[in-house]
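There are 2 protein chains.
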Amino acid sequence: MSVRDNKTEQLIKDTAKRIFFAEGKLHATTQEIADAAGINRTLLHYYFRSRDILFKQVFEEAMLTIRARMDEIFESGELFKEKIEKLIAVFLQEAILYPYREIFVITELNSNSKAVPMVSEQQKMQFFLNQIEEEMKAGNIKKMDPRHFVMNLFALMAYPLIAASLNKNIFNLNNDDYLALMHERKAVILQTIYS
Amino acid sequence: MSVRDNKTEQLIKDTAKRIFFAEGKLHATTQEIADAAGINRTLLHYYFRSRDILFKQVFEEAMLTIRARMDEIFESGELFKEKIEKLIAVFLQEAILYPYREIFVITELNSNSKAVPMVSEQQKMQFFLNQIEEEMKAGNIKKMDPRHFVMNLFALMAYPLIAASLNKNIFNLNNDDYLALMHERKAVILQTIYS
DNA sequence: TTAGTGTTTAACATTTTTGTTAAACAAAAG
DNA sequence: CTTTTGTTTAACAAAAATGTTAAACACTAA
Numbered sequence: 001m002s003v004r005d006n007k008t009e010q011l012i013k014d015t016a017k018r019i020f021f022a023e024g025k026l027h028a029t030t031q032e033i034a035d036a037a038g039i040n041r042t043l044l045h046y047y048f049r050s051r052d053i054l055f056k057q058v059f060e061e062a063m064l065t066i067r068a069r070m071d072e073i074f075e076s077g078e079l080f081k082e083k084i085e086k087l088i089a090v091f092l093q094e095a096i097l098y099p100y101r102e103i104f105v106i107t108e109l110n111s112n113s114k115a116v117p118m119v120s121e122q123q124k125m126q127f128f129l130n131q132i133e134e135e136m137k138a139g140n141i142k143k144m145d146p147r148h149f150v151m152n153l154f155a156l157m158a159y160p161l162i163a164a165s166l167n168k169n170i171f172n173l174n175n176d177d178y179l180a181l182m183h184e185r186k187a188v189i190l191q192t193i194y195s
Numbered sequence: 001m002s003v004r005d006n007k008t009e010q011l012i013k014d015t016a017k018r019i020f021f022a023e024g025k026l027h028a029t030t031q032e033i034a035d036a037a038g039i040n041r042t043l044l045h046y047y048f049r050s051r052d053i054l055f056k057q058v059f060e061e062a063m064l065t066i067r068a069r070m071d072e073i074f075e076s077g078e079l080f081k082e083k084i085e086k087l088i089a090v091f092l093q094e095a096i097l098y099p100y101r102e103i104f105v106i107t108e109l110n111s112n113s114k115a116v117p118m119v120s121e122q123q124k125m126q127f128f129l130n131q132i133e134e135e136m137k138a139g140n141i142k143k144m145d146p147r148h149f150v151m152n153l154f155a156l157m158a159y160p161l162i163a164a165s166l167n168k169n170i171f172n173l174n175n176d177d178y179l180a181l182m183h184e185r186k187a188v189i190l191q192t193i194y195s
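Line by line, the protein sequences are chains A and L.
Note that the UniProt record's numbering numbers the first sequence so that position 161 is 161, with each residue one more than the last.
Note that the UniProt record's numbering numbers the second sequence so that position 187 is 187, with each residue one more than the last.
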């Protein structure tokens, strides 16, 4: 009878995600992942066969998460401003935990020059863009190409967390100070995008 | 007489920078760099002795460039708005060429957990922050923690270029379309940060 | 108890990446 | 022209990272 509690398998994957997405160590070796997980490196091969397969799984799940988050945003049927507030709250919460996830995905794409499998989001995005345009016509937000609005939004949410190590130094802040700043971001972003 | 035209040495360094900063291939091997430069890999060792020394030089020069850019911003004595406009123009121009430079620096810092040698900028930054605060009091820009203003500014400039590969897909754009969008960023950013 | 199943480990093997050596080459200096 | 100096290359060596094997282990079921 196959009991097969995938406890260790999950531990390895979670540790890899922590190293890549949270700590931003994009060059981590299988040995480093194994050490961080407190397991023998052979186990990593036992569960995933190869480093490549582990990487691919981590990558795929990151893509799925990003995509699911997009869907959640697009499909929430509330008022526009509520939708935006929810988006910011959800995104920031995850970005504080996993600031480098998008960076991991992007650099993997750059390194392997493989195609991005996200085409299916385009229709939903178009719907979102239309909605933004309506808000602009209604005078609720500043008029601009709605794609710039979306880029602004993601930039304002994502970048301060990615650049944390540099910013902490420039502003002379410790981890706690910086985290406190990050928790102010939701209000700041809303203030910034709402004329 | 030592002629020593450092043509090849420079070619190697420039190619490394292109691969890291422009193409975002952060895992590139010495062989890949040598191939891209069209030289024998041994030459890389002849000029730099080790992969580590090449990396360190590239890293140091990236830090110097970032720092020099900061200085340029801080020390330009013009009116605030002119200063900001110049900053955006200079930053975007470089970021279009080398979108991944900051990411390279950040991931190197994360991977080696070495200290950031930029402390000397803090005083100038404080001066800049004071200036921003004055502008806020004068009602020229929205009131907020000036550090958020700085973070917003850099986020709006840097992120859309870093996330280009994802955005092109989401918005269904080819390289030229996306570049055209990027050239609109200066105006968009000014509009966004000026209430 | 022991046969069976899945898990974990150490030892070993292979592959990939980096580093070194010695010799070929090219151009200028004597 | 031949010696010197710096550049480039191929062949080799070493190190680092990944992958495999076989045996030990732990737990359950017959």
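Note that these hints are calculated values from the structure, not bench results.
Hints are not guaranteed to be accurate.
Any copy, or any two copies together, can satisfy a pair, since identical chains are not distinguished.
SDA-like, lysine to any residue: derived pairs with alpha carbons at most 20 Å apart [as the list claims (entries may be wrong)]:
#	residue 1	residue 2
1	Lys-168	Glu-121
2	Lys-56	Gln-131
3	Lys-124	Lys-168
4	Lys-142	Ala-62
Results for each hint:
Taking the shortest Cα distances, Lys-168 and Glu-121 sit within 20 Å of each other only across copies (12 Å), while inside one copy they are farther apart (35 Å). For the homomeric pair Lys-56 and Gln-131, neither the shortest alpha-carbon distance inside one copy (35 Å) nor that between copies (48 Å) is at most 20 Å. Taking CA atoms no more than 20 Å apart as the test, Lys-124 paired with Lys-168 passes between copies only; the shortest distance there is 15 Å, against 37 Å inside one copy. Taking the closest pair of Cα atoms, Lys-142 and Ala-62 never come within 20 Å of each other, the shortest separation being 32 Å inside a single copy and 36 Å across copies.
Hint violations for this structure: numbers 2, 4, all remaining hints satisfied.
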